[in-house]
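J.: Heads up: the sequence lines are chains A and B, in that order. So the first sequence is numbered by our numbering: it starts at 1 and just counts up by one. So the second sequence is numbered by our numbering: it starts at 1 and just counts up by one.
FYI, nobody ran anything at the bench for these hints, they're computed from the structure. Heads up, some of the hints might be wrong.
Said to hold, decoys possible - Ranges of calculated distance between the beta carbons of each label pair, as one might list FRET restraints:
hint	chain 1	residue 1	chain 2	residue 2	range
1	B	Thr4	A	Gly31	39 to 49 angstroms
2	B	Ala69	A	Gly221	36 to 46 angstroms
3	B	Arg10	A	Gln278	35 to 45 angstroms
4	A	Gly208	B	Ala37	51 to 61 angstroms
5	A	Pro223	B	Gly221	29 to 39 angstroms
6	A	Ala249	B	Gln279	18 to 28 angstroms
No residue lacks a Cβ here, since even glycine has one placed at the ideal position from N, Cα and C.
2 protein chains.
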Amino acid sequence: MQTTLSSATRTVIIGDDQPTRLIGERINPTGRKKLTAALLAGDLDMIRQEAVEQVGAGADILDVNVGAAGVNEEKLLPQVLQMVMETVDVPLSIDTANPAALKAALEVYRGKALVNSVNGEERSMQAVLPLVAQYEARVIALTMDEQGIPADPARRLAVARKIVERAESLGISRDRILIDCLAMAVGTDSRAGWITLEAIRLVKAELGVNLTLGVSNVSFGLPDREAINRTFLPMVIAAGVNCPIVNVARVRDVILAADVLAGRDEFAMNYIRYFRAQQKANA
Amino acid sequence: MQTTLSSATRTVIIGDDQPTRLIGERINPTGRKKLTAALLAGDLDMIRQEAVEQVGAGADILDVNVGAAGVNEEKLLPQVLQMVMETVDVPLSIDTANPAALKAALEVYRGKALVNSVNGEERSMQAVLPLVAQYEARVIALTMDEQGIPADPARRLAVARKIVERAESLGISRDRILIDCLAMAVGTDSRAGWITLEAIRLVKAELGVNLTLGVSNVSFGLPDREAINRTFLPMVIAAGVNCPIVNVARVRDVILAADVLAGRDEFAMNYIRYFRAQQKANA
Chain A
1 MQTTLSSATR
11 TVIIGDDQPT
21 RLIGERINPT
31 GRKKLTAALL
41 AGDLDMIRQE
51 AVEQVGAGAD
61 ILDVNVGAAG
71 VNEEKLLPQV
81 LQMVMETVDV
91 PLSIDTANPA
101 ALKAALEVYR
111 GKALVNSVNG
121 EERSMQAVLP
131 LVAQYEARVI
141 ALTMDEQGIP
151 ADPARRLAVA
161 RKIVERAESL
171 GISRDRILID
181 CLAMAVGTDS
191 RAGWITLEAI
201 RLVKAELGVN
211 LTLGVSNVSF
221 GLPDREAINR
231 TFLPMVIAAG
241 VNCPIVNVAR
251 VRDVILAADV
261 LAGRDEFAMN
271 YIRYFRAQQK
281 ANA
Chain B
1 MQTTLSSATR
11 TVIIGDDQPT
21 RLIGERINPT
31 GRKKLTAALL
41 AGDLDMIRQE
51 AVEQVGAGAD
61 ILDVNVGAAG
71 VNEEKLLPQV
81 LQMVMETVDV
91 PLSIDTANPA
101 ALKAALEVYR
111 GKALVNSVNG
121 EERSMQAVLP
131 LVAQYEARVI
141 ALTMDEQGIP
151 ADPARRLAVA
161 RKIVERAESL
171 GISRDRILID
181 CLAMAVGTDS
191 RAGWITLEAI
201 RLVKAELGVN
211 LTLGVSNVSF
221 GLPDREAINR
231 TFLPMVIAAG
241 VNCPIVNVAR
251 VRDVILAADV
261 LAGRDEFAMN
271 YIRYFRAQQK
281 ANA
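Please construct the entire structure, taking both the sequences and the accompanying hints into account.
T.: In structure tokens, the structure reads:
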């Protein structure tokens, strides 16, 4: 199954026969005081810089989130999208919990956007899916609903199936949906990583869809979080994730190695090219 | 399923509910001129040092291989085993292609040894399995036979099944068998990593046995081999390998992170203990 996203000038294809595609997570004020302050002051320079740096580091898609206390998302999100579209040419993921801001953002977006996100709650599906249908967008679907995030992988699959069926009933084919099986903190629940891996395998086997995953949360509360995140990525890629949301500069090397091992990099050409570029940069 | 190995004083349990157990690969002259020269001169100091270092780095089991041109394995292998048993207390893996040397080594070993290895060739099964039965040993079974190493994961499963059934007919229960699905070089065949991963999943699902894997070969011919090996390990652990053969000092950290993520390290205690020890060592 292939999922295509596009900007005005560029198309990205997500699929099991493609290299792993990376959604850059850095345009997001959550937990970042400086970025939040800049946003509130209407200063978009930091975001412009994040956009350039992430694409330079190898991001295929950029997530754009401006949600912070005091921000008028409905006004700011389209502005920021506009600016990012003028700065880089990769497709964008519109990341907001505010349906009015989502609609305003989709209105200015040029290409086939990724909407981040819908979940299995009736309220969420009713607010988000009609917009996805109307704007011919693609959408990230989180495996949670009114009962929360299931601890049972089979229940996460059930939520994924519910969202896929609802989307299809609105004319959104399943190739336009990226399922996110949700990574919870392993420091809090030792079974959390395994549950996510098992849910990914089930969703891939039963629904055949493409999958994203916000990876960073898995290491919350542990020392050397980067080591945990970098180790989880090969595991989730082998299980079926083909478009994770990551801090690209920190994980690109391990993604390229994983692609070689998953048979998604013929003759290891991407891996070797990256290795040579790093050698040159360090020479 | 649990596989138990033992030395005179220590037992190691291999199982999916256990931390990943590591077989140290460094007592092996293949491709190491200095070690080969020392062996030929009857000088065992380097091997003694390798044994101490690997156990210090976290090896649960040590592989012992003295096979090199000019070496009388039948005489040297029992001597080296004897010395290693006097030096460290972990269980040992007896690694030889010579049945007479294997018998001589099993004769001096104290505990339940691991025999490395049998494969699906009639000749190999006939030479090795009776010794495994006689000495109550455990055995690594390679998924290859007279036709070579199958490119089809289902055929690797078929070879594994053949060896397991033959072993059972000789009274060797399947908990005494570690299947090695064989990692070939991804630099030569882009599908090699995927084939191994798929074979591991099949063998785990269909036979329920424990699995080892010689990992290093997968990166042959590529730049930064360690990056490839370190990325492959989380993938194969998530797929079902629970006792890989590795250069322990180079991969211990990534194994500990993978165990946290695979739900094999309650409260991340092993991971955090290692992290603190490293901090202390670097302080």
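J.: Compare the structure with each hint and give your call.
T.: Comparing the hints with the structure gives:
A hinted range of 39 to 49 angstroms holds for the C-beta pair Thr4(B) and Gly31(A), which are about 47 angstroms apart. Restraint check, Ala69(B) to Gly221(A): a C-beta distance of roughly 54 angstroms breaks the suggested window 36 to 46 angstroms. Hint check: Arg10(B) to Gln278(A), Cβ distance near 43 angstroms, so the stated range 35 to 45 angstroms holds. Here the CB-CB span from Gly208(A) to Ala37(B) is close to 56 angstroms, well matched to the stated 51 to 61 angstroms.
With their beta carbons about 35 angstroms apart, Pro223(A) and Gly221(B) fall inside the hinted range of 29 to 39 angstroms. Evaluation of the 18 to 28 angstroms hint for Ala249(A) and Gln279(B) yields a pass: the beta carbon distance comes to about 24 angstroms.
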